[in-house]
Structures are given as C-alpha cells and as structure tokens.
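S.K.: Read off the chains here:
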Amino acid sequence: MAFLKLSNISKLFGSAVAVEGFNLDVAKGEFVSFLGPSGCGKTTTLRMIAGFEYPTTGEIILDGKDITNMAPNQRDVGMVFQAYALFPNLTIGQNIGFGLEVRKRPVEEIKDRVDKMLSLVHLEKHKDKYPYQLSGGQQQRIALARALAISPRVLLLDEPLSALDAKIRVELRLEIRRIQQELGITTVYVTHDQEEALLISDRVVVMSQGHMEQVGTPSEIYNYPSTEFVAQFVGQLNLLPVEKLDKKAGTCVVGGQTIKFENSSSRVISSNPRLAIRPEELQIGSGKGRNALKGEVESVLFLGSVVRMRVKVGENVLMADLFNERGLTLPRKGDDVVISFPEESCWII
Amino acid sequence: MAETMKKRSFWSWLWIILGVLYFILPLYSTFDFSLRAKKGVLSLVSYTNVFKDPSFWKTIEFSLIIGIFTIIVSIILVAPTAYWIRLRLPQLRGMVEFISMLPFVVPAIVLVFGAIRAFSGAPFYLTNTFFGTYVLLVAMYVVLALPFVYRAIDTGLAAIDVRALTEAAQSLGASWSTILFKVIFPNLRVAIINSAFLTLATVIGEYTIASFLVGIKAFGPYMSLIGQNRTYESSSLAIISFLMTWGFMGLIQIFNRGKVDSSSLAGAR
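If you read the protein sequences in the order shown, they are chains A and B.
Our numbering puts the first sequence at residues 1 to 349.
Our numbering puts the second sequence at residues 350 to 618.
By construction, these hints were calculated from the structure, which means they are not laboratory data.
No experiment lies behind these values; they were computed from the predicted model shown.
Do not take every clue at face value.
To be verified - Label-pair restraints from in silico Cβ distances: (1) A:66 <-> B:477: 52 to 60 Å; (2) B:525 <-> A:66: 21 to 29 Å; (3) A:112 <-> B:410: 46 to 54 Å; (4) A:232 <-> B:602: 54 to 62 Å; (5) B:454 <-> A:163: 37 to 45 Å; (6) B:525 <-> A:344: 52 to 60 Å; (7) A:70 <-> B:406: 54 to 62 Å; (8) A:236 <-> B:538: 49 to 57 Å; (9) A:163 <-> B:360: 39 to 47 Å; (10) B:525 <-> A:64: 26 to 34 Å; (11) A:70 <-> B:526: 17 to 25 Å; (12) B:535 <-> A:301: 46 to 54 Å; (13) B:421 <-> A:17: 43 to 51 Å.
Every residue gets a Cβ at the ideal spot worked out from N, C-alpha and C, and that includes glycine.
Pulled out of the complex, with its shape left as it was, chain A reads as follows:
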C-alpha cells in the first residue's frame, strides 16, 4: 500500500490548468523526484502535498489519512524551500527547534533534538549564530535540519539547490541523499535539473504542461523514455528523419543508408517518426553487426571528460560524444568519418 497517494489530482488557477490527471503512489522511505521545465506543474503538485495549495479535484492520502483539505500546519510534513526561508530573527539552534517549540515539547528534548540535527548536517559549531552569518550552502543544510527536526511523515524539497553555486550543489545533493537514506524518510523532491534527479532519486516523475509524462527509475527514464518529450528533456538526443520505415522488420532508411532499430512494441511512435540515438551510443569507425552512417565532421568540441563531435549525415547533423582518453586521435573538421551504433541503442519515436 502506498504511503503517499495522489489520486487524479488537478489544479486550476482561474481557467489556466496547472496540473491535470496526476496519479502517483509513493512507498514509505522512497525518494521520488518531480522533474520538468518551468511551469510544468511540479512545484504546484508539491505545494498541494504541503497544503499551500488545494487541489481542484482529486485527493491526497498520507499514511492512510485523507489530507487533501487539511491545513498545512496540521499535516506533519517537512518542507525545504529554494530560498532557505530561515527565520532571520532566530539563531540556528532556535530555527531548528522552532517546530518542536510550537509542539510544546520539553526544553531538554528540544535541546537534544537540535544537537542531533546539527550533528546530522555537520554544523554543530554554528548553533548560536544567526542565518545571515552562514553561507548559502550552510543555510540550506540548516533548513533541512529544521524540516527534519519535527520527524515529519514526508519531507518535501522545492528546488533546494537552485540558489547555490555548482560545487556546493554537487556536494549537497549527495548529502541530502545520505541523510534521506540514513533516516529512511519518504521524500518528494522538485527539480528542473535532470542530472540531480537521476542521481539522487529512487524514481523520477517527468512532467510537462501539467501532465505526468513518465514515471520510472532513473535508468528507465533515461534508457527507455516513453514519450518524445522525455527523450528530449532527459539527456541529449539525436533525432533523424526516416524514410521507408518498416516497423515489423525494424528497419528504416536515414540519409540513403539502411538502419536497424530496436523493435519493441511498447514504444510509442508519433505521427512524425524519427530515429532516436543518444550521442554517447555513437562510435567513430564501423563495427561488426552495428549500424553505420557515413558523414562529414562539422565541428569538434572539447568538454573535458567528453569530446563532442557534430557530424553531418546527408541533410542532418548528429551529435556524438566520445570519452576523452590521453592520446585519443580526433578527426578534424571536414574529415569524412563513419559513425556506428548497435541496433539496441536506437529506436523510433
């Protein structure tokens, strides 16, 4: 049975549809991320779980109890905000203990819990400081500790790393995952950063224009995108127009060259079929049993661990990502190359 259940949730702001037909079951202790571009409804859905917005239709069940129309301060849900939202007039210790003080817990219990939470986020020395005396990353750790201090049934995080610089973001997302696993707390995380969502989640919900596009594990989402939107939004994707498509045989023609593709009946094919291949699936040079396309190198971009090539095949341009190795001989602009890929790595959208 789902610990958190969202059934047929929709939300209208006037006549504008923010969320529509949203169904999701989250198991106890699971880490689920809502991933999508701005305005896709991910934050609105999270705010409905928190109680800051009420659904137009549908219901939200938490631990077997209907919380759809419950006030936010009755839900027992912890929330971490993008803007930290620490109380500027309170010290770090008072911020963390705020929720327990509201619950009128004994002073000793509050003190112990605050110390425990500070140690969980490794900021024990900052208890008596004020929020403005901490860095952005430290403030967000405190916001996390504050949300966890009340032992919420669900932890909600609304783009908590967006305001931080890249290095801190990378550190803190691993920290969030560590703490979540340590406490085994059910977590819903909102982000527009696909790398973040894939890295820390048990499951990812990809959303677009108020709709749920796909729900799955990070590898399912990346390797088996069920819609064109998911395929394009999560990771890089080459899309090539095809001719002579034979779904049964699993073949098509691209730029005059015959290609075999993965022929799975579960794949949804749009009215405008195109061949989809991830850039990292492509190799320079032909190989036995692999599809091959001839083309001309248009540009070579050095990105550090990866070298990205743009190869012109007929009228289309393909992106190919090669892992950088010392001594790697790279083709130059204008060189003729053969790029190859296995049939399991490409599919028709």
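Given chain A, put chain B in place with the hints provided.
M.R.: Showing chain B alone in chain A's frame:
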C-alpha cells in the same frame, strides 16, 4: 579633465552651501531671537520660562499619551493588513497604497470637520464626552499617520520573504498567531520603530485637528497660543519642537544602523 572636475566640484559645493543656508539660516535666526529675551544680553530666559510653565509639561504629556495610543492603534491596524496584502492579496497593493496616501491630499481641516460632523450625532456621540473626543483624536491621528506607518511597514515586509517565511512556519506546525508574533513582527522591528517615531513626531507638532477637538490641551495649539502672546518663548518652543523631532529622527537612524550592519553581513556570503 582636472579642470572639469574642479568646475563640477565648485558647483556641487555651491548647491550644498545654498541648501544648507536655506535650512539653517531661519533656524539660526529663530534660535538667536530666542536668546534675546533679556535686553542687551544673550540668555536662556525664554527657555527657563517655557520649562517653568506647567502648561508646557501638561500639553507635552497629553500629546505624548495621544501619540503612544496612535502608535499602538496604527500598528495593530496596519501591520497585519500590510502583511496579509503582501501574502494573499498582492493585487490590492496599488489600491491600498493609494488609500494610504490620501491623508497627504485631503487637508487636515477637511478631515476634522468631517469627523466632527460624523461623530457629533447619532449613532456616534463621540464629541459629547472627553473620552469620546480623545478616541476621535487618536482615530484622526491614525488616519494622518497612515502614509508613514503603511510605507514603513510595507518597506519592512518587502525586505523579508514574507511568503516563504510564512509557509516555512506553517509547515513546522505554527498557527497564525505564532507566525505573526514569533516570525513576522520580530523581523519588522526596525520598520515598526521607524513608523512609531514618525507618528510621534507628527502627533506632537500637529495643530489643526488638535485645536478643533481638544484646544490647548495638546502641544500644537499650546505652541500657537504662546506664539500669539509671548514672542521670545514662542521661538524657544519652536527650537524645542525641532529638537524633539530631530531626536526622533536620530533614534530612527540609530535603529536603522543596526539593520544596515546585519544586512551588509548577510550580503558577504
């Protein structure tokens, strides 16, 4: 280049000096005049006379008490309203700002005549008793102070993320009263103090409304009466009144300095 800078510097200083003279000269003249109560010598006689006058202390006390009640009522009325508008009704901000500016546009004489007409008969017989008149006086001053109080508190609210703080407190289980008294108002401390001093400065020197409602019980009408009868004392009262206003402004600066210090630290992350 250097010559242009010199020219610019000359004009800057000229305008500053002219500006300072415009404000300082009348004040200095008033101060100088207030010291000439005794023929041929500079003395503080007029000040001593003012301080010896029991009416001075009575009117100051009365205006201070009315000022304090005005501050309390204004803040109770404006702070939650401004907070709610920022949180839930941001589309009404323009309208409320316009309304808060009306006391600048409507002359005090019109306000007080309107109030006397409205509250001298049924169903509100406020002007029939002293207490009722004081209540009306405070209510009038609340209206008069509205532009200062609303502006100051709204600026204070703009400096904090009202929505995020409210939602954070809600998610931690706080009720509305806890949110207001433990999260929002403590963060508006400086704004509330600013608005309080501005209100006090306005109330202490106000003449029109006070003279129509309570006469020379208030400090403003008392100053006017002294001005009609005692030449030197009226100048010393003007200086005392200025000093009080500056004192309040100085206190605002002191409280604001604390705020600037903490915000600059916050910026240095």
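S.K.: Would you mind marking each hint as holding or not holding in the structure?
M.R.: Evaluated hints:
Separated by about 57 Å at the C-beta atoms, residue 66 of chain A and residue 477 of chain B satisfy the suggested range of 52 to 60 Å. At roughly 23 Å, the beta carbons of residue 525 of chain B and residue 66 of chain A sit within the given window of 21 to 29 Å. Distance hint check: the CB atoms of residue 112 of chain A and residue 410 of chain B are about 52 Å apart, consistent with the given range 46 to 54 Å. Here the CB-CB span from residue 232 of chain A to residue 602 of chain B is close to 57 Å, well matched to the stated 54 to 62 Å.
At roughly 42 Å, the beta-carbon separation of residue 454 of chain B and residue 163 of chain A lies within the given 37 to 45 Å, and the hint holds. At about 59 Å, the beta-carbon gap between residue 525 of chain B and residue 344 of chain A stays in the expected band of 52 to 60 Å. Between residue 70 of chain A and residue 406 of chain B the beta carbon distance is about 58 Å. The supplied range of 54 to 62 Å therefore holds. The beta-carbon spacing between residue 236 of chain A and residue 538 of chain B, approximately 52 Å, falls within the hinted interval of 49 to 57 Å.
As the Cβ distance of residue 163 of chain A to residue 360 of chain B is approximately 45 Å, the hint placing it in 39 to 47 Å holds. Here the CB-CB span from residue 525 of chain B to residue 64 of chain A is close to 28 Å, well matched to the stated 26 to 34 Å. At about 19 Å, the beta-carbon gap between residue 70 of chain A and residue 526 of chain B stays in the expected band of 17 to 25 Å. Judged by the Cβ atoms, the range 46 to 54 Å given for residue 535 of chain B and residue 301 of chain A holds: they are separated by roughly 53 Å.
Under the hint 43 to 51 Å, the C-beta atoms of residue 421 of chain B and residue 17 of chain A, about 47 Å apart, fit the expected range.
The structure fails none of the hints (numbered hints given earlier).
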